[in-house]
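Q: If you read the sequences in order, they're chains A and B.
Sequence positions in the first sequence follow this note's numbering and run -15 to 207.
Sequence positions in the second sequence follow this note's numbering and run -15 to 207.
No false leads were slipped in.
Intra- or inter-copy, both count: the list cannot distinguish identical chains.
Below 25 Å or equal to it, Euclidean Cα-Cα: the simulated SDA-like pairs (lysine to any residue) are:
1) K106 <-> N88
2) K106 <-> L133
3) K106 <-> E132
4) K106 <-> D44
5) K106 <-> H49
6) K106 <-> I166
7) K106 <-> D158
8) K106 <-> A156
9) K106 <-> S86
10) K106 <-> Q135
11) K106 <-> M87
12) K106 <-> D161
13) K106 <-> H84
14) K106 <-> L131
15) K106 <-> E124
Quick caveat, the hints were computed from the structure, so don't treat them as lab data.
Given the structure is predicted, the values throughout are model-derived calculations rather than measurements.
There are 2 protein chains.
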Amino acid sequence: MTSVVGPPSEFSRVRRLPDRADYDMATIRRILAATMIGHVGVLREGRPVVIPMLFGHVDDVLYLHGSVASQLLRAMSDGIEACFTATVIDGLVYARSAFHHSMNYRSVVIAGTATPVDGDEKIRALRAIVEHITPGRWDEARPPNDLELRQTAVLRMPIEEASAKIRAAGPADDAEDLALPIWAGQMPVTTHFTDPVDADDLVQGIDPSPAVTRLRRSGAARG
Amino acid sequence: MTSVVGPPSEFSRVRRLPDRADYDMATIRRILAATMIGHVGVLREGRPVVIPMLFGHVDDVLYLHGSVASQLLRAMSDGIEACFTATVIDGLVYARSAFHHSMNYRSVVIAGTATPVDGDEKIRALRAIVEHITPGRWDEARPPNDLELRQTAVLRMPIEEASAKIRAAGPADDAEDLALPIWAGQMPVTTHFTDPVDADDLVQGIDPSPAVTRLRRSGAARG
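Excised from the complex, chain A in its bound form (with noise of 0.2 Å):
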């Protein structure tokens, strides 16, 4: 267990089974390319609310992106606290003992103020954010225009109170029930992109673009 993004905060501290939590950057980084999505969890009226978004990152900063990134922002403009949460997950766990029955992970708790972005850093954010998804396909696409700029918002959050959480290894069952005849073992879960399919409008002859190909090429999705 590393402590490069902090030290984490008694707040970001991973509080249980500390031997699964590592805090080292390129570990978060690593996981974040894993994962298409994001749920953030923000306050609405006091309540917790969770959202799914898409996301991006450069260096040290998240970039969110989503449908009600606006209403959020409409609100408080000067930021709001938010936990942005992703997870992979590996593969499910079988262990003799219901009790331990489990999942293999890799998971990112990153908490902070969100904060809208705009002007050149709103349009690089947006570009982490459809990059992170498909490498290359921003310039392969039409890029924003003014009005677009306005109609998107995206926050920013520093990638500061930071942790990971990883399982990655078989069941651990108590010794007395080892010798159980209950199989035990894991399951690994994948994900995948299948073959592209043309919008119904597309004009006719064109093929999928390169980051499309590469990126289905590239075999395993993220989780």
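Given the coordinates of chain A, assemble chain B onto it according to the supplied hints.
A: Showing chain B alone in chain A's frame:
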């Protein structure tokens, strides 16, 4: 858009893109069945925190289980305001414009108070959580003993204030972009189980159990 689980409160009503919203309980159940984990938002020291959690559901009750459930319950045994969100990603959506890039997904948001369960309900809840991932596994595994039950925290949330949101369509480009020489369409995303892997300490001669084999054969995993 129907409203069986409601009518939705002002809080849970999907505020943006209401054409993507669906409040039908059957839809909510189908999406819950299609996801392996949820992301749960609660308040800790007044700040939002989002944690991945296993879950199950019985009738109109959601049960949550995770390593942090215990610490949350220690703090507030009379229940905590929570928001449970589960999302399945079905595909990447490529538009001609960067602005209209999107995802096809199905998500459920359930808001309410999470309270601890005990006694028979706790065992039913744990069974539902194990069976949610792998139908038939509960009866194969060694049932929990009293010590394990005491060590396990399970939360209950009524599925009352709930909404579903679904996007399942091709790109929605502006009319003036349709003729651009840019590929547009979808890339489906699928999740699969691969072959079960025996635990290192598995007694020789035990094959994967029927529940595990059945799940493996069922093909596509959940999001």
